[in-house]
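Asks: What follows is each chain in one-letter form.
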Amino acid sequence: MKLRVQLQCKNLHEYLKELSPEILDRLYNHPATCLAVYRELPPLAKNYVMRMLFLDQPLPQAAVALWVKKDSEKDHDQCVSVLSGLRLWHSQQLQGGLQGNILNPVFKDNLRIALLGGGKSWADQGDSLGPDRHARDVESLDKYALERWEVVLHFMVGCPSAAVSQDLSQLLIQAGLMRTEAGDAPCITSAGFQFLLLDTASQLWYFTLQYLNTAQTRGMDLVEILSFLFQLSFSTLGRHLREFGLVFQRKRKSRRYYPTRLAITLSAGVSANSSSTAMGATPGTGDSGFIVVETNYRLYAYTNSELQIALVALFSECLYRFPNVVVAQVTRESVQQAIANGITAQQILHFLRTRAHPVMLKQNPVLPPTITDQIRLWELERDRLQFSEGVLYNQFLSQADFEVLRDRAQGLGCLVWQNVAHRVIVVSPQGHGEVKRFWKRQKSHT
Amino acid sequence: MVNVLKGVLVECDPAMKQFLLYLDETTALGKKFIIQDLDDTHVFILAEVVHILQERVGELMDQNSFPITQK
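The listed protein sequences correspond, in order, to chains A and B. Quick note on full-length UniProt numbering: the first sequence kicks off at 1 and runs consecutively. Quick note on full-length UniProt numbering: the second sequence kicks off at 1 and runs consecutively.
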């Protein structure tokens, strides 16, 4: 009866699939969006889109199916579902009565514009402003971005030095990452813990999605925000965006936005390739991982970033602290404490893997099997009993009675357990009312 | 007439089930809580003892573990 909330980190495609068709169509009116969506497609789907980009008539589905060999049927099906889910193509009746596919015309036109040029220019304000007297170079932008993001994470962990605006803390509360008792400062929830252990790209996405969800309630136009976001990530150069560290604005009134590296990663989405160099740098550590895990359960974190140390301390006991190293030990108590706070073993292991020191990356598997197995076992220890509420029916007078009731419960989908030999069934509480009524009717009939 | 009982279905491995039967026999939780013993891996218990039961299981696991490492 424990509820473990798993943090779902959707990527661009899943988010778009959930939007309504009208919003999607309006979104596809901007070439930047089309290009971003195109980039995220799997390679086969990109191929399909390219082939159909300049056709004005629908193509029979049989012809499309011929483009793949027999053994790649699965990839073909997956492609088809991705493309239809994003409403990139429709089915249309051809003259001969066959089913054909044609690209969404809005998407098609705008992708053409994106690839070939033309249409309204995206960065139309940049040139008219003239050279910037206070131009910042890439490095300081990066630093700024990482600083701001760390402040947000610090705030979540509860460090007193971090201060964020009211709006941001409201957003965190609405996203379910923190909660606030009456009048007290907000404190972190179990979903918040899970969020902290994700890698930066996933964190960014989750946060932006939450912000987009609340933006609708504030009356801001979803399409405008999304297209602005996409445009940002494509240029070589928001009150709220400024706070996340996505853009840099020298003063609140200045008209220039400098998109930071964080914003560019946003468009790249949560890809499976998390070793990409662009955002591989975790804050405060330079360009590589920094954790070494030994088979005696010791953990060495070569960092002096407060945030990273706080994260490591979530699931391990810190033993010693030096100017450049923190020595910690992963113990049963510390891991079970973390699990009681809502973090799963999978997340701890993911955290360790993504921040593994290059020396660790050389061995295969990256983390010692003893450690991974033991952390999972410590998690399973708490789950030895599984509870489900139910109602027990036994002492049936005849086998036929038992079977009738059992089949009815199964049909309703509320049968939890049954034992045919002893004629016992357990039904879920929700189904109990219905089954009881059914039984009364049965008895009055026979 | 069919007998209807409300409670909680517990699923566990056979070893853990023996521990539950032991707790029940010695009324370690203050009262008998097993309504029916269903099979090797399932037991039907009273709804109110769930929390105390989790604690007891936790204590059992703590008793059986030892610190692996030295500081």
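Keep in mind that the hints were calculated from the coordinates and are not lab data. Treat each hint with caution, since some may be false.
Stretch by stretch, here's where chain A covers chain B in the computed footprint (C-beta under 8 angstroms, at least three residues) [stated by the list, open to error]:
#1 5-15
#2 21-27
#3 30-41
Even for Gly, the Cβ is constructed at its ideal location relative to N, Cα and C.
Asks: Looking at the structure, which of the earlier hints fail to hold?
Replies: 2
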